[in-house]
Structure formats: C-alpha cells, structure tokens
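Just so you know, the sequences run in chain order A and B.
Add 692 to a position in the first sequence, counting from 1, and you land on the number used in the numbering used here.
Add 692 to a position in the second sequence, counting from 1, and you land on the number used in the numbering used here.
None of the hints are false.
Label-pair ranges, simulated between beta-carbon atoms:
1. A:914 - B:1080: 54 to 62 Å
2. B:787 - A:933: 51 to 59 Å
3. B:1013 - A:935: 50 to 58 Å
4. A:995 - B:878: 43 to 51 Å
5. A:1002 - B:932: 42 to 50 Å
Hints in this document: simulated from the structure, not taken from any laboratory.
The C-beta atom is built at its ideal place from N, Cα and C for all residues, glycine as well.
Number of protein chains: 2
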Amino acid sequence: MTEETASGGEFRFHLQAHDPITGARAGVLHTPQGEVPTPVFMPVGTQGTVKALCQQDLRNADARIILGNTYHLYLRPGERLIAEAGGLHRFTGWDRTILTDSGGFQVHSLAALSKITEEGVVFRSHIDGSSHLFTPEKVIEIEHALGADIIMAFDECTASPCSFDYAKQAGDRTLRWLKRCVDRYDRLGHQSANGSPQALFGIVQGSAYPELRAAFADATVRFDLPGYAVGGTGLGERKADTWTAVETVTSRLPEDRPRYLMGIGLPEDLIDGVARGIDMFDCVVPTRNARNGTVFTRHGRMNFKSAVWARDFSPIDPDCRCYTCQHYSRAYLRHLYHAGEITGLRLATIHSVHFFMDLMREMRSAILAGRFNEWRTGFLSSYRSTSTIN
Amino acid sequence: MTEETASGGEFRFHLQAHDPITGARAGVLHTPQGEVPTPVFMPVGTQGTVKALCQQDLRNADARIILGNTYHLYLRPGERLIAEAGGLHRFTGWDRTILTDSGGFQVHSLAALSKITEEGVVFRSHIDGSSHLFTPEKVIEIEHALGADIIMAFDECTASPCSFDYAKQAGDRTLRWLKRCVDRYDRLGHQSANGSPQALFGIVQGSAYPELRAAFADATVRFDLPGYAVGGTGLGERKADTWTAVETVTSRLPEDRPRYLMGIGLPEDLIDGVARGIDMFDCVVPTRNARNGTVFTRHGRMNFKSAVWARDFSPIDPDCRCYTCQHYSRAYLRHLYHAGEITGLRLATIHSVHFFMDLMREMRSAILAGRFNEWRTGFLSSYRSTSTIN
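Next comes chain A alone, as it looks inside the complex (with noise of 0.2 Å):
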C-alpha cells in the first residue's frame, strides 16, 4: 500500500503526548467528520441511534465519535437504504466520526445457528429467523454502503475461555479474512459508497495466549492499516488476562496509529487500558446500565432505583455540569424509573454517558500535562469499583 492508502485518505492520528510513567499516550484522531481528540471513549449507536439519546444529547456531552452495529445496521434498515439516504451519518443526522464495527462478534454472540466456514458465517437473523451470508467481502461491501469514517475488518471473534487450538485457528481466519477485507477495501478505493474517505482497522484476536496474540499482532501489522484493535476481550476473561494480551499486543503495535480496545468497559477499565497504551473505547456499559437504573459517578456505581434516593432531592452528582444534574434530583430519577417513563431512562443516560466523556477529557488533560499517574491515584481514591452504592 501507499502511504496515501494505509494512512486512508483524510484519515490522520497525531500523538501529542506519552505519560513519563504509564504507557498512557495522548492524541487527535483527524477523520473527514473532524477531530476526535484521544484518548476517547465511543458511545455504542447499535441501530443507528445511542439507545434512548439523541444526537444533540452527544453534542451536549461532546461526543466526538460513536459506533454503530454493522450486523444490527445490515439487518434493519438495510445498508442499502442507509446508503440510499447518503450514508449513515446523513440518515441519522450526526455529522461527526463514525467507526463501524464488523459483525464479527454479533454473529457469535447474538445470531442463532451461526456457522463459521473458511469463507464466512451462516447466520440466521435474530429479528426474523432469516439466512445471512457474512464473509470479509461482504462486511466490507455493507460498511462501505453504511459509510463509517472507520470500518472494522471481519474477524473471528473467540469465546472465552477457549483452547489453545481454537484460539490459534480462529486467530489464523481472521488474518487470512483481513486479507480479504484489505483486498475489497482496496477495490473499493478506500471510500465509501457517497465518497467519503474510509479508514480500515485491523483486529487482532489471540483470547488469553500470550504467544498468539504476539504473533497476530505482528501479522496483522504487516498489513499497515490506519488503526488497529484489540478483539475478543472483556468476554468474561480473568482481568489480569485482558491486560496481559493488551500489554502484549500494544508492545507490537506502530506508535503513530491508533489502538482500539473492543468492547471494554467498566471506568476503570478505561483507565488501566488508558494506562497501557489503548487510544479508542466503546462499550455499552454507560447506557445499558442507566436503562436499568445503574448510572456511574464519582464515587462508583449509584442505583438511583433505591429507596434510599426516594426523597434525596440532590442532583445524581451536585458536580457535573449535565443536563440532567442540572436539572433534576435522585428522587425525581427513581420516580420516573419506578413509574415506567422513559424520560427517565434518557435523564440517566445522558449523565452516564457525561460521566463517561468527562472521565476520558480528565484522563486526557493528566496526560497533556503529564500527571496521568497521579490524576489515576487520586480517581481511584474516591471512585469505588467494587461495589454498587445502594
């Protein structure tokens, strides 16, 4: 590839900063929707919208970039409607970065009967029953007609725990199908189907062997692609394992591309990832949870469905600058909850999803100014990750 290609078109990272003590770095992703300053945590837009927000409510928490769901995406409304209304962000209207994902792990985790041969997925369609074809090409055909500013190659992505065999040839497909991938993005120009300049990431895969995940990282760098991802994390793995396959894959990984860690997670998750190097994050946790009455603060965990809140007519966090700590209390959100109105559902999500971005600007800002380390020490003193508080 040309250096044109491999860096994808209007696709830039800049590094602007390594912590002295952590492998925590600080960057700007360019895309042709804009900046994306790093490191940066994805809100997770699995059907073309993030779950009970819209898009001026990731404005108000200056979401920079967010995902969406290929799988959910092919199979309703149909790439090729999306591509038809201009592209993903024209039919959802938010004009700023996309990234996305493959297909790779809903084709597991969610799909009924998938079956993996050496050319793609069989997969039935959890929505109707209906038969699907996934293979690389495919993949690369839907996320080129959905129009992402990143895409995500096709992998396969392992359970956990899993053997050592599996691993190894579940690791080996996915660098034969990024070969594939690679050839029909090249074939494809880069772009999408509206033009727009499209950035391709690598996975690497591996589950919890040190060794594997070594040798497909090396593997999948050969390929030079603009940005490259941890897979097959965060799936029920002992944490030490996650880092240890995160550490071993940053290691091998280029310094002037991004490192996206699939999946993860928790905000401490975020921060030891941060730690080791990762740059992009995207997990459901802030949203999933405040729909079922869990939102993060501070302090940890808060379940605002308690009694506890029922007549605390403080805001969630008197500190945040959100639309909903500036407006509303514990005990109108526990309300709301308790009485099935949605409002509520939106109320807590904007707050996670706030908590979240703020949680990622700090971690940014420590690193800028080169006290990532301490900034961690002092987060983690207040911010308890092991329980839920009432």
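Mind docking chain B on chain A? Use the hints.
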C-alpha cells in the same frame, strides 16, 4: 368570597379579543409561574413528566402550562414526597404553570372496583390493588400538597352514554362536592403547601343533557371561582352532543373567567372548541399517538410506521421548526420505531407537541387579528381529519 380570594391571589385572566364571527376569544392567564396566552393546549404530564419528553423539550415548543394527574401522583410517588421536594414545580423541574386535575376521571376509568358514596369514592390502586378513599376534602388536600397553580375540584365524571337520572344525580353530587372542595380550599387559604397561590376551577357535568348542563353551569358559577371547566365530554358521545354541551355551558359562564374543556382533543376539536369560546384544553392525543406511531401534520395524521416512508428522507413536515423536523427524516423515524428505539418515541412526541402548540398559537394570532374564521377555513381545507396518511 372577596374579590381577591375569588381571583385566586396572583391568578388573573385578561381577555384581549373576541372573534367577530365565532365565539373564539384570546386572552392571557397570569399565574404565579408566568403568563399563559390563550387559547392554550396543555400537554399531559401524567406522572410528573409529559411522556417521552423532558422539560427542555416542552420549553423548546414554548409550552406554558402542563397538566399533572392527581390520581397518579397521589399513588406514586405520593403527594407528601412531592410537598417535601417543594411542590410539583420543584420536583419535576418545570418552572412554568401547572394544572392538576382532581382524579375524578381516573378513579372511574383506571382504578378497579371504585364505589361512589356521598362521602367520596373508594377505589383500588391500578398499581398494587391497595384501597383508597378520595373525598372532596382529601383531593383538595392532595392538590394543596402537589402545589399546582390551578387545581380542579373533585367531580363525579359520568360515562357516556348515561341516563338522565344518573346524569342529574352525578351532577348534583358534583355540586355538593364542589361546596366541600371550596370550603377546604378556603380553609387552606387558597395556597399550596409551600405558600404559592392556587386557583380552584369548578367542573360542570350534565352529560349530553342541555337542561342539566345549563342548570349545573348556573349553579357552579354561583361559587364565583377563578375558572370553570366543562367535564364529562370526549368520552364516546356524538360530536354534536359534545358541542351542544359546550355551547350550553359557555353561554352561561362569565366572560372574564377562563374556560377549560377537559380531555379534548384532536386538532379539529381544538378548533371547534376555540370557536365556541373555550380557552384551555388538555389531551393525551399528541403524546400517546406519537408513541403508537402516528404524528400530526398540516395534512392530517401520519402513520410514520408505514412502509411508504421507508425511503422518504424528508422530514415529517418541511415547514415545521421542531427539533425533529429540523434534523431527522421520516425514514429515520420509521426505522427507530420498528427497531424499538425509545429515541423514536421522543422525536415523534416532540413533533406532535410542537404541532399542537403551533396550532394554538396560530389560532390565537388569528383571533387577535380578527380573522379566526378565515384561518379556520384555510386550515381545514388542507387538514384531513377523517383519514390517516398511510
């Protein structure tokens, strides 16, 4: 009552204009929370929120007054909790005008096993089956605790159809209950638990019997209250009977007091009501229909779930200035609905509430300009009330 108590303290109504052809009138309600230009539509905030919306959404539509349901708020979270929060305005974050109904409608329509005696209504909660008694005094106490700016008297709301004898019996009891409501209202000093002035409105019943409507209207007016409502309409009776009842009542109500037609209605009903001198309306139609997949437009109702909009990338109404129409397409709303995304319910609700607010603003402007009848003809020439657009 003295002039001051009759006017409900800071509560004043100024009539500004009468339409020269119809009975339509324009005015301004002054409440402790600000000005409410009339005629006005009140979005229904049943359980402390207008369903699917937050207070900023309502401000964006320039809603000036919303309704809260005493029955629902009494059951959950309870009027004492709301009083502790400083009243409904503080609890919900809505700092404009609020009207609470009396629960007279809900105890008949929602509660199980309700039993009416002269003392009041015994009913079982639709939430947990617990038994409760609403008396006129109890309801005024609850509304005193909730702290709305306008509170409704407890009435016996007759179903439709309804025999003359039962309509007379229910209306007579409603008058006896009104006396008890007024006595308690007087004793509470015409103010809420947190000291804010409250205006009590009486409700005229009488079903579809003009002679009863006339007699009850006359008897209700003798209480010299700050406002009057027409109750017991929109319950399945013929439209002609609704308007006969409204005309009978409004012709006997004092010109200088606001008139509220409860639980009405569709856009064409609002126009018909305004033409008969009604100043205030409430209905769940814009919000409930939006959550069920139907929005209102200048051309009639639009079923945005329909397949015909799947690839329509234009807004619901290109001329609408609501957030939804400014940012999202029919195809996107349809997708969100079918994908089960609650964001779609909010976006649809935002549009329809905005449409209702615009409709009332247009009527008011037309009345002030002396051309309401002309405006009505123009509006109805393009608005199809009898069908739904796909």
